[in-house]
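Student: Protein chains in written order, with this note's numbering: chain L, 1 to 260; chain X, 1 to 236; chain G, 1 to 250.
Watch out, some of these pointers could steer you wrong.
[To be verified] In silico lysine-lysine, DSBU-like type, Cα no more than 30 Å apart, as pairs:
{"id": "1", "chain 1": "L", "residue 1": "Lys-214", "chain 2": "G", "residue 2": "Lys-187"}
{"id": "2", "chain 1": "L", "residue 1": "Lys-214", "chain 2": "L", "residue 2": "Lys-183"}
{"id": "3", "chain 1": "G", "residue 1": "Lys-26", "chain 2": "L", "residue 2": "Lys-214"}
[What the hints assert, rightly or not] Chain X is faced by these chain L residues, among others (derived, beta-carbon under 10 Å):
{"id": "4", "residue": "Asp-90"}
{"id": "5", "residue": "Ser-174"}
{"id": "6", "residue": "Gly-176"}
{"id": "7", "residue": "Tyr-198"}
{"id": "8", "residue": "Leu-203"}
Hints listed in this document are in silico derivations from the structure and should not be mistaken for laboratory results.
For every residue, glycine included, the Cβ atom is placed at its ideal position computed from N, Cα and C.
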Amino acid sequence: MGTSFDISYVFDYFVKLLPYIRITLTIVGCSLLIGLGIGLLVALPRMYRIPVLQRFSQVYVSFFRGTPILIQLFLFYYGMPEMLKLIHIDVTKVPALYFVIFAYALHTGAFLSESIRGAVGAVDRGQVEAAYAVGMTGYQAFGRIVLPQALGIAIPVFANLVIAVLKDTSLAFSLGIMELTGKSQTLPTMSQHFFEAYLSLALIYFIISIALEKLFFAVERRLLRYEGDRDRDGRAASGRKWLNRRFSGRLELQKEGARP
Amino acid sequence: MKLDPAFIWTAFIELLSAIPTTLEIAGVSVLCGILIGTAVALVRIYRVPVLHPIASAYVTFIRGTPMLTHLLLILFGLPMLIDAVAESLGIPFRSVSIPMIGFVYISFSITEGAYMSEVVRSGMLAVNRGQIEAAYAVGMTTPQALRRIVFPQAFAAALPNLSNSAIGMLHATTLAFAASVVDINAKAQIVAATNWKFFEAYLAAALLFWGLTFLIERLTALLEKRINSYNRGGVA
Amino acid sequence: MIRLTQIRKSFGRNEVLKGIDLTVRKGEVVAILGPSGSGKTTLLRCINYLERPSDGEIEIGELRVKCKHPSKQEIHRLRGKSAMVFQQYNLFKHKTAAENVMEGLVVVQKVPKEEARKRSVELLEKVGLGAKLDAYPSQLSGGQQQRVGIARALALNPEVILFDEPTSALDPELVGEVLAVIRKIAKEGITMIIVTHEMNFAQEVANRVVFMDQGAVVEEGAPNELFRSPKEERTRQFLQRMTPEAVYSI
């Protein structure tokens, strides 16, 4: 836009953007943590088929998966203060960041509850029966047998969700949050080298995504080490199965997150 | 400021006019995405030399970065590139004459292509190896085997992911506001700003998206049922 | 002693157990035979409440449970008095062979870890898997997994071990090693109820054989009697269908 490409700006902006990783990761971390709580809470009524509550969590999950995260952000930003005013809580002085985190947490919670349900459902029924047969109580069977196995199964899906949330946070700028994307739009106002700024922005996101993926892969390998050896024996069938599982895990991304 | 339920309805009616734009963006991107995705998937599955690492890098990069950055890069980078090329060739064409929505199509298709390639790839890997061997055994060539045997089965296997990807794209069209295109989201903003009823306007937009998502899900379920009735045949 | 009184079980309108009475004395080995769908597995699974009987009474040792409205504690105590060996082994996938055997001891019976480990090693050696203590189930063959399953059941020192078709999922060449282990522990006077399709094995190892069909006990008796001269027509037909093949397969 009038200016020609200048690589030195890419480096310059890259360095200037680095400090804002902190805010982006804060949003990701907080919304995941809260989302995990919400997700578990919402998954339970559906797993145990608790009448009325089951219906509620169904509607919740359907709404937050059925509408764009950007719309949800606006909805909370404008709607929450008014809703809270009805019960006489004044939040006009609360920073926008909190609303943003809350919206992301609810959004993530919906996807997480589905992954939790999926992973728990994927644990072989025989495992629970065996736990009961050795005399465990329901809680013991869940805590010692089902949960550890479900965790291993859920890791690839969870990894994708984390990366999806990371990417989704790029929308927080639209509510004036100065995270990575927000900063990348104000940095070049003087120089007009927008393209270079966005290039360094993309690079930073890319590096974080790859790092997260590597991290989760290591965690998965550790959690699923009990499944490992057969693959290494070079059994084609199970090797392929493992590959497919990786894939279908990754594919959850389509389902598990809006892509912005 | 009090909640105005009647305005939700008013906003809803106004938003309806933006549906075609939203669906156009989503439709074009999904279609182009499937084409790009299939090509990329084939390149990766058959490990075509030279193209194979490029395809992998493309998919990894797109999936590792937010869609918004793709749009911004295209919006700011592509005109620069076009103008530079046109200038050096002495063509009078300038990027200003390209409508903004064109950049949206290009950017979203590139994004969708990467995601679709994974959908197509896993669909194709889900097809039993024996199927293609049987196709070769009756004398088919590879393109014949792909077209007549693998793709139909892969489509059935990939349908749920395909539908999810389409829903993802539908939701992602809300980013078009960054290119000043008036889709449902941008329209909601306009409606809200003129009346100062933001919450009501966005609630209407949310309901509209919810409905459209539901529609896609129902259509997929119908399609799935049809396909599966072919698949199951008469046995058990 | 185990006593089942008038055990009934329905799935919807389909009654699969039509009032079963069965008594097993301490140290006795009882084999339950019958065609598939006869309800024998369901009966076995009712004993430790993996299947919820609709009516009847279960008595193990001094514990008596009325099946209509059992409390959670009663179910829990019932399970504490029995152990089960599954058709699909159902070893805990994320635990090694030794940990599988220890799990019930540590979690349910609150045995200290070192002691449980010692016990686990002893038992795994007994079933011939002293070299596989730290192997995960995915690294073991079907026969080895089932032997771990048996060790896991033995570890609990239960009043009765319930065997649910312990060899049905195994490749033919692996059946022998599992049967050998069961045979060995049968001689030690442990009370066992075995649902099986292995006729010869049942005849050899059981003190008593129960033949079930269509949710009812058709006939029961000493193995030699029942196999040589069944009183009921249905038993005779079943044995005729089963034995010719079974006799020569082992």
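Student: Against each hint, give a clear statement of whether it holds in the structure.
Tutor: A quick look at each hint next to the structure:
1. L/Lys-214 - G/Lys-187: Given that 30 Å is the threshold and the Cα spacing comes to 54 Å, the pair is violated.
2. L/Lys-214 - L/Lys-183: holds, 27 Å
3. G/Lys-26 - L/Lys-214: With Cα atoms ~57 Å apart, G/Lys-26 and L/Lys-214 exceed 30 Å; violated.
4. Asp-90: violated, 13 Å
5. Ser-174: holds, 8 Å
6. Gly-176: violated, 14 Å
7. Tyr-198: With a closest approach of 4 Å, the L/Tyr-198 hint holds.
8. Leu-203: Since the shortest Cβ distance to chain X is 8 Å, the answer is holds.
Hints 1, 3, 4, 6 from the list above are not met by this structure, while the remaining hints are.
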